[in-house]
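Following the hints, position chain Y against chain C.
Spelled out from the first residue to the last, the chains are:
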Amino acid sequence: MRLPITILFVLLSSTMHGQELFPLNEPASNVPKGALGVRAFGESYKEVSLYRNLFGIKLMYGVTPKLSIYLSASVSNHHNSELPEGLATHTHSGNQTIYSTGNITRGVRYPYQFNGDDAYIKYRFVTVDGQNRHFRMAAYGEFSNVNVAHDENEPTLLDDTKGYGGGIISTYLVKHFAASLTTGFIIPMAYKGYLPDPYGGADVPTKLVYGQAFVYNLSLGYLLLPHHYKNYNQTNWNIYVELMGKSYGEAKMYQGADMASVPIQTPLLKAGNYVEIYPGVQCILKSNLRLDMSVGFPMVGTSYVHFYPVYMFGIQRYFYAQ
Amino acid sequence: MSMTVFIFLYSFAAKAQITEVQIGVDGLTCSQCSRSVEMRIRKLSFVKDVKMNLEHTEGKVYFKSGAKVEVDKIAQAVVDAGFSVRDLKAAMLFKNVAVSSNYCFAHDNNNYQFIQTPGQTLNGAVTVTFVGKGFMEKKELKKWQPYMKSTCAANGKNYFVTIEKS
Numbered sequence: 001m002r003l004p005i006t007i008l009f010v011l012l013s014s015t016m017h018g019q020e021l022f023p024l025n026e027p028a029s030n031v032p033k034g035a036l037g038v039r040a041f042g043e044s045y046k047e048v049s050l051y052r053n054l055f056g057i058k059l060m061y062g063v064t065p066k067l068s069i070y071l072s073a074s075v076s077n078h079h080n081s082e083l084p085e086g087l088a089t090h091t092h093s094g095n096q097t098i099y100s101t102g103n104i105t106r107g108v109r110y111p112y113q114f115n116g117d118d119a120y121i122k123y124r125f126v127t128v129d130g131q132n133r134h135f136r137m138a139a140y141g142e143f144s145n146v147n148v149a150h151d152e153n154e155p156t157l158l159d160d161t162k163g164y165g166g167g168i169i170s171t172y173l174v175k176h177f178a179a180s181l182t183t184g185f186i187i188p189m190a191y192k193g194y195l196p197d198p199y200g201g202a203d204v205p206t207k208l209v210y211g212q213a214f215v216y217n218l219s220l221g222y223l224l225l226p227h228h229y230k231n232y233n234q235t236n237w238n239i240y241v242e243l244m245g246k247s248y249g250e251a252k253m254y255q256g257a258d259m260a261s262v263p264i265q266t267p268l269l270k271a272g273n274y275v276e277i278y279p280g281v282q283c284i285l286k287s288n289l290r291l292d293m294s295v296g297f298p299m300v301g302t303s304y305v306h307f308y309p310v311y312m313f314g315i316q317r318y319f320y321a322q
Numbered sequence: 001m002s003m004t005v006f007i008f009l010y011s012f013a014a015k016a017q018i019t020e021v022q023i024g025v026d027g028l029t030c031s032q033c034s035r036s037v038e039m040r041i042r043k044l045s046f047v048k049d050v051k052m053n054l055e056h057t058e059g060k061v062y063f064k065s066g067a068k069v070e071v072d073k074i075a076q077a078v079v080d081a082g083f084s085v086r087d088l089k090a091a092m093l094f095k096n097v098a099v100s101s102n103y104c105f106a107h108d109n110n111n112y113q114f115i116q117t118p119g120q121t122l123n124g125a126v127t128v129t130f131v132g133k134g135f136m137e138k139k140e141l142k143k144w145q146p147y148m149k150s151t152c153a154a155n156g157k158n159y160f161v162t163i164e165k166s
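Residue numbers (the working numbering), protein chains in the order written: chain C, 1 to 322; chain Y, 1 to 166.
Isolated chain C, as found in the complex:
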């Protein structure tokens, strides 16, 4: 944990320019007008004895200098085709049946499946540019069309949950320092599916309403190499530290023909909040082909949707229409 902070302080004494091509967070800056960006990305972590992976592709287009649109899609082995059997359980007390949420077994092998797609739009509304510096602010909105049997409460667009997101990005960049703050929200939509009946009866209709979330992410970045820009063929090395925070409310679960409320008891479906830290490194070849890698660890609290460390990969380039 201390290492990335130490590296940052060492770099404060250098005379390099900041970098805002953050591996995980979008900066307030946009895709150049008319340019098409293509990004392939992946996420991987070990859950018990197997690896959970997500692969995605993102197309980015600069509609105007201030307005960019992104379309993404992903596949993963994060979910089963239906909700896990143990998600709801019941006990008997006399002739009363008491329903509650149950614990889910971790490390169960699921098939790879298409999660869905996501549309994201970003508009830059503040631009204060100077030589080798800028301050910019942008607003973003997104809709994730995902319909998977996500069995945890934390909403994650494009991967786990259908729903809306939006927020504000502020990016400040001055010679030695690049920083960006993203504050936003996620309003997930419910998943409607079936739970297998443990006694061999018909599958039980189930509705899972995920908690709404606030997100707060902070990204810091530095250019390590080259010391002096000479031409576009110099390989750029950038290092980053990104803090990813999320705070979300408790889930609601309904079951049966009458959609009766099931009391939430498992931690996976309770309200939660956490901050993760992702040190990252990036290399840019020929000023266009960008390769990112970062590794995530818990800093405050913990996320229930993945195990640690989380490995994130990305490869991206822009195509300029002629």
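Hint data in this document are derived by calculation from the structure and do not stem from the laboratory. Where hints are given, some of them may not hold.
[Unchecked claim] Lysine to aspartate or glutamate pairs mimicking EDC-like chemistry, simulated, CA-CA at most 16 Å apart:
(1) C/Lys175 - Y/Glu55
(2) Y/Lys157 - Y/Glu55
(3) Y/Lys43 - Y/Glu70
(4) C/Lys207 - C/Glu142
(5) C/Lys230 - Y/Glu55
(6) Y/Lys64 - Y/Asp108
[Stated by the list, open to error] Here are the computed distance ranges between Cβ atoms for each label pair:
(7) Y/Lys43 - C/Tyr164: 29 to 37 Å
(8) Y/Ser65 - C/Tyr311: 49 to 57 Å
(9) C/Gly141 - Y/Asp108: 41 to 49 Å
(10) Y/Lys43 - C/Glu85: 56 to 64 Å
(11) Y/Lys48 - C/Gln113: 35 to 43 Å
(12) C/Ala321 - Y/Gln145: 30 to 38 Å
(13) Y/Lys43 - C/Gly141: 54 to 62 Å
(14) C/Ile57 - Y/Gly156: 29 to 37 Å
(15) Y/Thr19 - C/Tyr311: 52 to 60 Å
(16) Y/Arg42 - C/Asp117: 27 to 35 Å
(17) Y/Ala154 - C/Met293: 53 to 61 Å
(18) C/Ser81 - Y/Lys133: 56 to 64 Å
(19) Y/Lys68 - C/Phe185: 49 to 57 Å
Heads up, the beta-carbon is just placed ideally off N, CA and C, and yes, glycines get one too.
Below, chain Y alone, put in the same frame as chain C:
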């Protein structure tokens, strides 16, 4: 306008040309961003070559022979790439032209008006600085606004230019 001046302007218009533009770009911090600016400028039909100086975040733009140079389109290309113009200077060829403040000349159907320029005779390649919205930082623009009063003919685009004291 007397016939002499008319002939003079005509002969000037035939010989004057913008040979090179140097553009300072604000907000640039990475080589990928610099490349985006270059790619946008290169798309302009009259541009022959662009050389970006990443260290000083500025670019030099060279033109196709005989092509009509549209300076505002170069500035717009910088904005389209997502950045701002810090300053825009052009190397222009003159042949014994006596200029002073509010002196106007037409070239390629655009009007160029000198402002805040002491009386002098220009001969050979002279660096002129473009003045106006989109050609300079906002605080710099405010200083110039009182002098930006067009006295040129209404046809074509009007550009304000000045010659910085050397």
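Hints versus structure:
This hinted pair checks out: C/Lys175 and Y/Glu55 have alpha carbons roughly 12 Å apart, not beyond 16 Å. Between the alpha carbons of Y/Lys157 and Y/Glu55 the distance comes to roughly 33 Å, so the proposed pair goes past 16 Å and is violated. Under the criterion of a C-alpha separation no larger than 16 Å, the hint pairing Y/Lys43 with Y/Glu70 is consistent with the structure, at around 13 Å. Proximity of C/Lys207 to C/Glu142 is assessed by CA-CA distance (about 23 Å); at most 16 Å being required, the pair is judged violated.
Distance check on the hinted pair: C/Lys230 and Y/Glu55 sit about 7 Å apart at the alpha-carbon level, within 16 Å; holds. Between Y/Lys64 and Y/Asp108, the direct Cα distance comes to roughly 14 Å. Compliance with the 16 Å bound is thereby established for this hinted pair. Between Y/Lys43 and C/Tyr164 the beta carbon distance is about 36 Å. The supplied range of 29 to 37 Å therefore holds. Look at Y/Ser65 against C/Tyr311: about 54 Å separates their beta carbons, and that is inside 49 to 57 Å.
In this structure the supplied range 41 to 49 Å holds for C/Gly141 paired with Y/Asp108, their Cβ-Cβ distance being about 44 Å. At about 59 Å, the CB distance of Y/Lys43 to C/Glu85 agrees with the hint of 56 to 64 Å. Separated by about 52 Å at the C-beta atoms, Y/Lys48 and C/Gln113 break the suggested range of 35 to 43 Å. Evaluation of the 30 to 38 Å hint for C/Ala321 and Y/Gln145 yields a pass: the beta carbon distance comes to about 36 Å.
Checking the proposed 54 to 62 Å range against Y/Lys43 and C/Gly141 shows it is violated: the Cβ atoms sit about 30 Å from each other. The hinted range of 29 to 37 Å is not satisfied by C/Ile57 and Y/Gly156, whose Cβ atoms lie roughly 48 Å apart. Distance hint for Y/Thr19 and C/Tyr311: a CB-CB separation of about 53 Å, consistent with the stated range 52 to 60 Å. Between Y/Arg42 and C/Asp117 the Cβ separation comes to about 33 Å, which falls inside the hinted range of 27 to 35 Å.
In this structure the hint that Y/Ala154 and C/Met293 lie 53 to 61 Å apart at CB holds, the actual value being about 59 Å. Checked against the hint of 56 to 64 Å, the C-beta distance between C/Ser81 and Y/Lys133 comes to roughly 59 Å, which is consistent with it. Our hint of 49 to 57 Å for Y/Lys68 and C/Phe185 holds, since their Cβ atoms are close to 51 Å apart.
Of the hints listed earlier, those the structure fails to meet are numbers 2, 4, 11, 13 and 14, in rising order.
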